[in-house]
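Protein chains in written order, with my numbering: chain A, 413 to 908; chain B, 7 to 122.
Rather than coming from a laboratory, the hints here were simulated on the basis of the structure.
Only a predicted model underlies this, so the values are computations on that prediction, with no experimental measurement involved.
Note that CB positions come from ideal geometry on N, CA and C, so glycine has one too.
Please note that the accuracy of each hint is not assured.
As the list claims (entries may be wrong) - Using 27 Å as the maximum straight-line C-alpha spacing, the simulated DSS-like pairs for lysine-lysine come out as follows:
hint: 1; chain 1: A; residue 1: 767; chain 2: B; residue 2: 20
hint: 2; chain 1: B; residue 1: 20; chain 2: B; residue 2: 30
hint: 3; chain 1: A; residue 1: 751; chain 2: B; residue 2: 20
hint: 4; chain 1: B; residue 1: 45; chain 2: A; residue 2: 751
What the hints assert, rightly or not - Among chain A residues calculated to face chain B with C-beta under 10 Å, some are:
hint: 5; residue: 756
hint: 6; residue: 760
hint: 7; residue: 823
hint: 8; residue: 825
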Amino acid sequence: MPRTLYSKLAMVLLGLFLVVGITFLIITLYTADMYYQEVRQQLNRDVARHIAAGKTFFNNDNTVNQLAIKGLFHTLMDINPDIEVYLLDPEGRILAFSAEPGKVKRKTIDPEPIQDWLEGSVTIPYLGEDPRGTDKSKVFSAARIPSSGKLQGYLYAIIGGEHYDTVVGKIQNSYILKLSFWMIAAGLLFTLGAGLLLFAKLTGRLEKLSVRMDSFRRSDLADPDVTALEEKAAYGDEIDRLTEIFSQMVERIETQVEEISRSEIMRRELVASVSHDIRAPLTTLHGYIETLLMKDGELTEEVRRNYLNIAIRHCKRLNRLIADLFELSRLDHPEVQVKPEPFSLTELLQDVIQKFQLAAKEKNVSLLTNFRPGLPSVNADIGLIERVLENLIENGLRHTPEGGTIGFEMTPVKNFMVIQIRDSGSGIPIDDLPQIFERFYQSGGGGYERFGYSGLGLAITKRILELHGCSIEVSSEVDSGTCFSFQLPLSTNTGI
Amino acid sequence: MEDNSTEDAATVIKQGKMVISPNKRTTTVNGRVVELTAKEFDLLLTFARHPGRVYSRSQLLDIVWGYHHDGYEHTVNSHINRLRAKIEKNPSQPVYIKTVWGVGYKFSENIEEAND
Chain A
413 MPRTLYSKLA MVLLGLFLVV GITFLIITLY TADMYYQEVR QQLNRDVARH IAAGKTFFNN
473 DNTVNQLAIK GLFHTLMDIN PDIEVYLLDP EGRILAFSAE PGKVKRKTID PEPIQDWLEG
533 SVTIPYLGED PRGTDKSKVF SAARIPSSGK LQGYLYAIIG GEHYDTVVGK IQNSYILKLS
593 FWMIAAGLLF TLGAGLLLFA KLTGRLEKLS VRMDSFRRSD LADPDVTALE EKAAYGDEID
653 RLTEIFSQMV ERIETQVEEI SRSEIMRREL VASVSHDIRA PLTTLHGYIE TLLMKDGELT
713 EEVRRNYLNI AIRHCKRLNR LIADLFELSR LDHPEVQVKP EPFSLTELLQ DVIQKFQLAA
773 KEKNVSLLTN FRPGLPSVNA DIGLIERVLE NLIENGLRHT PEGGTIGFEM TPVKNFMVIQ
833 IRDSGSGIPI DDLPQIFERF YQSGGGGYER FGYSGLGLAI TKRILELHGC SIEVSSEVDS
893 GTCFSFQLPL STNTGI
Chain B
7 MEDNSTEDAA TVIKQGKMVI SPNKRTTTVN GRVVELTAKE FDLLLTFARH PGRVYSRSQL
67 LDIVWGYHHD GYEHTVNSHI NRLRAKIEKN PSQPVYIKTV WGVGYKFSEN IEEAND
């Protein structure tokens, strides 16, 4: 089966030309034949009458004058072998002929065309039955015998010999037919060649286009089911491939447009919640400072201090929120750089825990560690991973009630260090689990009053781990605790 | 906590195969010069002046980076990490700057680096 468009087109063109060529040849042969017959019949219109003139074909007893006829026919054959002469009786029975015996196949000839011919009401060429073939008709000339008086029979002359019958014979015998045959063949071949060349040019461009589109599509995005589609496309021609590629691209564009509009919605929501989260502490701050200004003299020292404390708390909150926003947008930048280096995660965790020890003690939450010295180093960005640990500990502290615990575990598994941070806190309802890494999501709604929390911590955590090519998982049970778990690649260039 | 004033700031410190010269701000290990950044050198000097003394991360931050560091505690971790990468034969099993689990870091009092 031809696969490319070009070969398909070439096949169709070739077939078409063959059909046209053959049809043309047949028509040419037919019309040439008709023309030939017409000319012959026209020229020899009266030949039978001339032959019959003044001859006696029948004896007085109405029998055929064989002797006279034989002589006449013989002479005729010698003069013009193309004219075959027959003597017929009024019913069309052949009485005598000018040929070797055995050549004549018919015994009777339909007399009707002869009568029509003699009446002169026919258009030339006009065919009559050929006695030498049972199914053939040929142009003829005929004469009444005798020319006047009681009808005794007909002189029937077939014009155009036997040797003229086959197609090849016709072509071989005619210079004009030969010439036109070769002209048709040459013309068709030339047109075929030109057509093929034109197709090659057109399909070549199409092929180039499809290759370009294909490579663009492939370079655009790595599609998981690209190979399947490629297999499908490999069976078609250029247009099939283009159609396939086009529909794939349409699909991709649609998904991308969807993604863009989705991220646009998210962006708007983000802006809305950022504005809200910035305005809320700002309004409070504004309120307290205004009160302090207006009622400066009326307030007791204690109330003033209280107001100032509240104000500074909201300041801190604002500060933290803006810092987190800044951090997140920095991490979202496409050219953000992660600088991985081998380091001891145990040490970093120890230092981060130390930092939170005081806050944990105040809240009466124990930070449980079971460090095993000698754990392998990980390969990651120290500053960013510290941020991850801080965020997860903060998150744990925020959700763990007094007397609770936060446990840390590190286990090397294959080429990774698995880190688990488990708190005995309030837990997260299963419906909320997927959203907790979304920006500004806070478990239980009104986290606004919680001191110094922006709602961006877990989003930052997730983003940092994404930048490390890692993911974070969470499992939780309401009222019994939450466990965050992520992994970091072990460093390969330092021994354990 | 800061008792640098009682130190002779110029004294060359020798520990194991390490020689630190505070004046020239150079460090050699096993005779080979180690290129350290200013902060890395300050960090090493802080440790080496008091072998055996344990520093927590926040103390190191205060001493080396000053009181107005404003966060960025991770700089301590990255600097210790890079310092070790430069001076230790095997940074994952350090012999000069050791980790005191649950507390902080110290400069080893008796260096037992294997001879090579």
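Results for each hint:
| no. | hint | verdict |
| --- | --- | --- |
| 1 | A:767 <-> B:20 | violated, 33 Å |
| 2 | B:20 <-> B:30 | holds, 14 Å |
| 3 | A:751 <-> B:20 | violated, 33 Å |
| 4 | B:45 <-> A:751 | holds, 19 Å |
| 5 | 756 | holds, 7 Å |
| 6 | 760 | holds, 5 Å |
| 7 | 823 | violated, 17 Å |
| 8 | 825 | violated, 18 Å |
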